[in-house]
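Each chain, written out:
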Amino acid sequence: MKGDSGMNGGRDGALAVEAEGLVYRFGDNVAVDGVDLEISRGEIFGFLGPNGAGKTTTIRMLATLLRPDSGAARVFGHDVVREADTVRGLVSLTGQFASVDEDLTGKENLILIARLLGYSRKEAKVRADELLEAFGLSDAAGRQAKTYSGGMRRRLDIAASIVITPELLFLDEPTTGLDPRNRNQVWDIVRSMASGGTTVLLTTQYLDEADQLADRIAVIDNGKVIAEGTPGELKGSVGSGVLHVRLRDPGSRPEAVRVLSRAIGVAVETPSDPVALLARVSEPERVPEALAGLPHAGIAVSDFSLGQPSLDEVFLALTGHPTEEKADKKEEEAV
Amino acid sequence: MTDQAGKAHATIAEGALRSALPYRARPKRPNALSASLTFGWRALLKIKHVPEQLFDAVGNPIIFTLMFTYLLGGAIAGSPGAYLQYLIPGILVQTVILITAYTGVNLNTDISKGVADRFRSLPIWRPAVIVGALLGDMVRYALASAIVLALGLILGFRPESVVGVVLSVVLIIVFAFSVSWIWTALGLVARTPNSVLWVSTLIMFPLTFASNIFVEPKTMPGWLQTAVIFNPITHLVSAVRGLMYGTIPVGHIAWLLVGCVVLVVIFAPITMYLYRSKK
Ligand SMILES: Nc1ncnc2c1ncn2[C@@H]1O[C@H](COP(=O)(O)OP(=O)(O)O)[C@@H](O)[C@H]1O
Ligand SMILES: [Mg+2]
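Going line by line, the protein sequences match chains A and B. The opening residue of the first sequence carries number 1 in my numbering; numbering runs sequentially from there. The opening residue of the second sequence carries number 336 in my numbering; numbering runs sequentially from there.
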């Protein structure tokens with residue numbers, strides 16, 4: 001088994017993650033309510049859900065930090081409770097709130113982790129420098145992490161997670177609060193990890209992000225997985241895009257509904273705004289022609305857009321209710 | 336705002352990233368001692384990067400020393416100089432005892448910041464993070480002791496036995512290490528780092544006053560004398576005074592060491608239980 005790359009410690013043929021009926025309660029609050037998961041090796045798996053859905057709690061059970069109240073989970077075939085130590089040797093966790101020591105410098109943070117993984121002092125320094133270089137942090141290596149910007153801190157955090165490339169990497173909301181450029185960098189890192197053979201489980205509140213990165217997505221709400229599939233399947237079940245149109249004249253709306261629904265072949269909804277129209281489009285290629293039909297019918301359009309469905313729209317379609325945040329005790333009270 | 340540091344290091348070096356990623360060679364995992372020492376190193380780095388914690392902690396005792404010596408020293412012991420010989424061993428104990436809470440404060444900070452989650456998900460001996468922090472904090476106690484002793488020497492404190500001074504500091508550190516376990520347990524249940532500091536101060540401050548740090552218990556009312564005699568800090572101060580003035584107060588030392596063992600036996604397992612089951 002020793003020289004076997006990419007599978008150290010993992011049982012042959014086992015899935016990266018296999019969970020059945022995971023439940024976790026905080027007092028009366030059922031944070032995770034019977035989650036089943038199957039994640040294959042090398043996959044990027046996205047956990048999509050609003051604040052308070054139970055994403056972090058699920059990840060913390062899989063990373064051996066919480067003991068499930070019921071159900072079971074295996075990571076590369078090892079039970080997260082009974083073989084917790086083996087599992088810890090296969091996974092790395094980048095928590096929702098940057099899990100670096102802010103008082104230490106970037107370099108000291110990485111040396112600390114490398115030493116804890118068993119590197120000699122010298123090897124630890126070499127590895128730290130290599131990672132700082134790779135993550136564009138060389139110039140900030142000697143500064144305390146508390147002086148880092150959000151993006152730099154996130155990169156340091158991820159670097160600390162891959163001092164030894166893990167078989168399974170947990171990333172809990174890796175891009176929340178980052179600007180687009182930093183977000184793109186994190187996406188690049190995730191893709192590089194996956195192309196190197198690491199299985200990635202990431203959580204996000206953005207459908208867009210899950211769509212960009214994940215091979216498969218589980219949508220989680222109130223502690224339950226309410227939908228699962230590839231990004232394409234999910235969007236397909238919701239309509240692959242949402243067309244918003246605004247008219248000059250509210251009086252022309254009934255006519256516009258007729259023209260549009262005929263041209264794109266789906267129902268057109270009328271939101272409370274009297275000049276707005278909304279349609280969940282399953283064949284986006286039919287949209288340009290449909291829009292062109294409006295001026296032909298003498299209807300003036302002031303504005304239109306075709307976008308991906310938002311998480312809200314996915315939720316509305318899947319659950320029939322919009323995303324509603326569960327009373328978020330943790331974030332607010334900082335337990 | 337984006338990275339202020341500018342473009343130069345804001346971009347990830349693609350090539351470097353690719354080559355740094357596949358790094359699967361796993362060295363032998365460190366043993367319990369080596370993992371603890373690594374966390375001890377981290378505690379030392381914190382002393383280096385956040386020296387305020389140490390200076391805050393010795394600020395109070397310096398004020399106490401000056402105030403008690405020059406305002407009250409004459410009244411209590413006849414002259415400030417004579418009182419100083421009595422007071423410095425007590426102040427030394429008070430200073431170190433009051434900073435024992437920082438181990439708990441730092442542990443609580445780790446948990447609220449999320450870095451504790453990273454440590455807990457590493458394949459290492461789990462108590463290492465706490466044992467290591469306590470080991471590193473022993474250096475903090477030694478530094479604080481050195482500062483107080485230096486101040487005392489400048490003001491005119493003249494202990495009789497150098498060996499006794501060294502043994503005193505060792506004894507104080509051993510006691511402080513044992514007391515720290517109370518605060519690590521507290522650090523795991525308290526809601527914020529500040530509340531750890533508050534609760535510990537609320538307990539320890541009265542304890543240091545209801546002792547023989549500042550005055551001989553003889554002058555106190557009977558009920559208070561009884562309390563003072565049972566206060567472990569009184570035994571520590573008596574032991575330290577004895578050692579510094581060339582005697583070996585076996586009774587006090589034995590009493591203390593038993594107390595230390597009791598503290599560790601009770602609070603170390605509670606701390607580890609709380610740490611393991613922390614949500
Ligand atoms: N430490 C905690 N103590 C009490 N309740 C918690 C704690 N952590 C999370 N919760 C609750 O569990 C539920 C799921 O939270 P979480 O897993 O953090 O969701 P997500 O990561 O999807 O935002 C929420 O209702 C939250 O309030
Ligand atoms: Mg979360």
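Worth flagging that the hints you see were computed from the coordinates, not collected in a lab. You may find that some hints are simply not true.
For lysine-lysine, the following BS3-like pairs were computed, each having C-alpha atoms within a straight-line distance of at most 30 angstroms [what the hints assert, rightly or not]: (1) 448/B with 614/B; (2) 125/A with 448/B; (3) 613/B with 224/A; (4) 224/A with 235/A; (5) 122/A with 146/A; (6) 613/B with 122/A; (7) 614/B with 122/A; (8) 613/B with 448/B; (9) 553/B with 614/B; (10) 553/B with 146/A; (11) 553/B with 363/B; (12) 224/A with 363/B; (13) 613/B with 553/B; (14) 125/A with 146/A; (15) 363/B with 122/A; (16) 125/A with 553/B; (17) 224/A with 448/B; (18) 146/A with 448/B; (19) 383/B with 224/A; (20) 553/B with 383/B; (21) 363/B with 125/A; (22) 613/B with 235/A.
For the chain A half of the interface with chain B, some residues (derived, Cβ under 10 angstroms), not all of them [claimed, not checked]: (23) 26; (24) 81; (25) 85; (26) 86; (27) 92; (28) 95; (29) 103; (30) 113; (31) 123; (32) 272; (33) 273; (34) 275; (35) 278; (36) 281.
For every residue, glycine included, the Cβ atom is placed at its ideal position computed from N, Cα and C.
Do the hints match the structure? See the list:
Straight-line distance between C-alpha atoms of residue 448/B and residue 614/B comes to about 13 angstroms, which keeps the hinted pair within the 30 angstroms bound. Restraint check for residue 125/A and residue 448/B: the C-alpha separation of about 25 angstroms stays at or below 30 angstroms, so the hint holds. Proximity of residue 613/B to residue 224/A is assessed by CA-CA distance (about 24 angstroms); at most 30 angstroms being required, the pair is judged to hold. With a C-alpha separation of about 19 angstroms, the suggested pair residue 224/A and residue 235/A falls inside the 30 angstroms cut-off, and the hint holds.
A threshold of 30 angstroms between alpha carbons decides the hint, and for residue 122/A with residue 146/A the separation of about 25 angstroms falls inside it, so the pair holds. At most 30 angstroms may separate the alpha-carbon atoms for a hinted pair to count; residue 613/B and residue 122/A exceed this at roughly 34 angstroms. Using a Cα cut-off of 30 angstroms, the hinted pair residue 614/B and residue 122/A is violated, with the two alpha carbons roughly 35 angstroms apart. With a C-alpha separation of about 14 angstroms, the suggested pair residue 613/B and residue 448/B falls inside the 30 angstroms cut-off, and the hint holds.
Proximity of residue 553/B to residue 614/B is assessed by CA-CA distance (about 49 angstroms); at most 30 angstroms being required, the pair is judged violated. Our distance criterion of 30 angstroms between C-alpha atoms is broken by residue 553/B and residue 146/A, whose separation comes to about 52 angstroms. A distance of roughly 60 angstroms separates the Cα atoms of residue 553/B and residue 363/B; the hinted pair therefore is violated under the 30 angstroms criterion. For the proposed pair residue 224/A and residue 363/B, the alpha carbon gap of about 40 angstroms is over 30 angstroms, so the pair is violated.
Of the pairs offered as hints, the one joining residue 613/B and residue 553/B is violated, with about 47 angstroms between alpha carbons and a cut-off of 30 angstroms exceeded. For a cut-off of 30 angstroms, the pair hint linking residue 125/A to residue 146/A stands: about 21 angstroms separates their Cα positions. For the given pair, residue 363/B sits about 15 angstroms from residue 122/A by alpha-carbon distance, which is consistent with the 30 angstroms threshold. Under the criterion of a C-alpha separation no larger than 30 angstroms, the hint pairing residue 125/A with residue 553/B is inconsistent with the structure, at around 59 angstroms.
A distance of roughly 27 angstroms separates the Cα atoms of residue 224/A and residue 448/B; the hinted pair therefore holds under the 30 angstroms criterion. For the hint pairing residue 146/A with residue 448/B, the CA-to-CA distance comes to about 12 angstroms; that is within 30 angstroms, so the pair holds. Proposed proximity of residue 383/B and residue 224/A is contradicted: the alpha carbons are some 47 angstroms apart, above 30 angstroms. A C-alpha spacing of about 43 angstroms is found between residue 553/B and residue 383/B, which places the hinted pair above 30 angstroms, so the restraint is violated.
Restraint check: the Cα-Cα separation between residue 363/B and residue 125/A comes to about 17 angstroms, which is no more than 30 angstroms; the hinted pair holds. Restraint check for residue 613/B and residue 235/A: the C-alpha separation of about 38 angstroms exceeds 30 angstroms, so the hint is violated. Hint status for residue 26/A relative to chain B: holds, with the closest Cβ pair at about 7 angstroms, below 10 angstroms. At a threshold of 10 angstroms, the smallest CB-CB gap from residue 81/A to chain B is about 12 angstroms, leaving the interface hint violated.
Using the Cβ-Cβ criterion of 10 angstroms, the hint placing residue 85/A at the interface with chain B is satisfied: the shortest such distance is roughly 6 angstroms. Hint on residue 86/A holds. Least Cβ distance to chain B is approximately 8 angstroms, under the 10 angstroms limit. Satisfaction of the interface hint for residue 92/A is found here, the shortest Cβ-Cβ separation to chain B being roughly 7 angstroms, below the 10 angstroms cut-off. Using the Cβ-Cβ criterion of 10 angstroms, the hint placing residue 95/A at the interface with chain B is satisfied: the shortest such distance is roughly 4 angstroms.
The interface hint given for residue 103/A holds, since its Cβ lies 5 angstroms from the closest Cβ of chain B, which is under the 10 angstroms cut-off. For residue 113/A, the suggested interface contact is upheld, since its CB lies about 8 angstroms from the closest CB of chain B, less than 10 angstroms. Checking residue 123/A against chain B: minimum C-beta separation of about 7 angstroms stays under 10 angstroms; hint holds. Contact between residue 272/A and chain B, as hinted, is not supported at the beta carbon level, the nearest pair being about 37 angstroms apart and thus beyond 10 angstroms.
Given hint, residue 273/A at the interface with chain B, is violated; its Cβ is 34 angstroms from that chain's nearest Cβ, farther than 10 angstroms. The interface hint given for residue 275/A is broken, as the beta carbon of that residue sits about 37 angstroms from the closest beta carbon of chain B, more than 10 angstroms. Given the 10 angstroms rule on beta carbons, the hint for residue 278/A is violated: about 34 angstroms separates it from the nearest Cβ of chain B. With its C-beta approaching chain B no nearer than about 35 angstroms, residue 281/A sits outside the 10 angstroms limit, and its interface hint is violated.
When held up to the earlier numbered hints, the structure conflicts with 6, 7, 9, 10, 11, 12, 13, 16, 19, 20, 22, 24, 32, 33, 34, 35 and 36 and fits the remainder.
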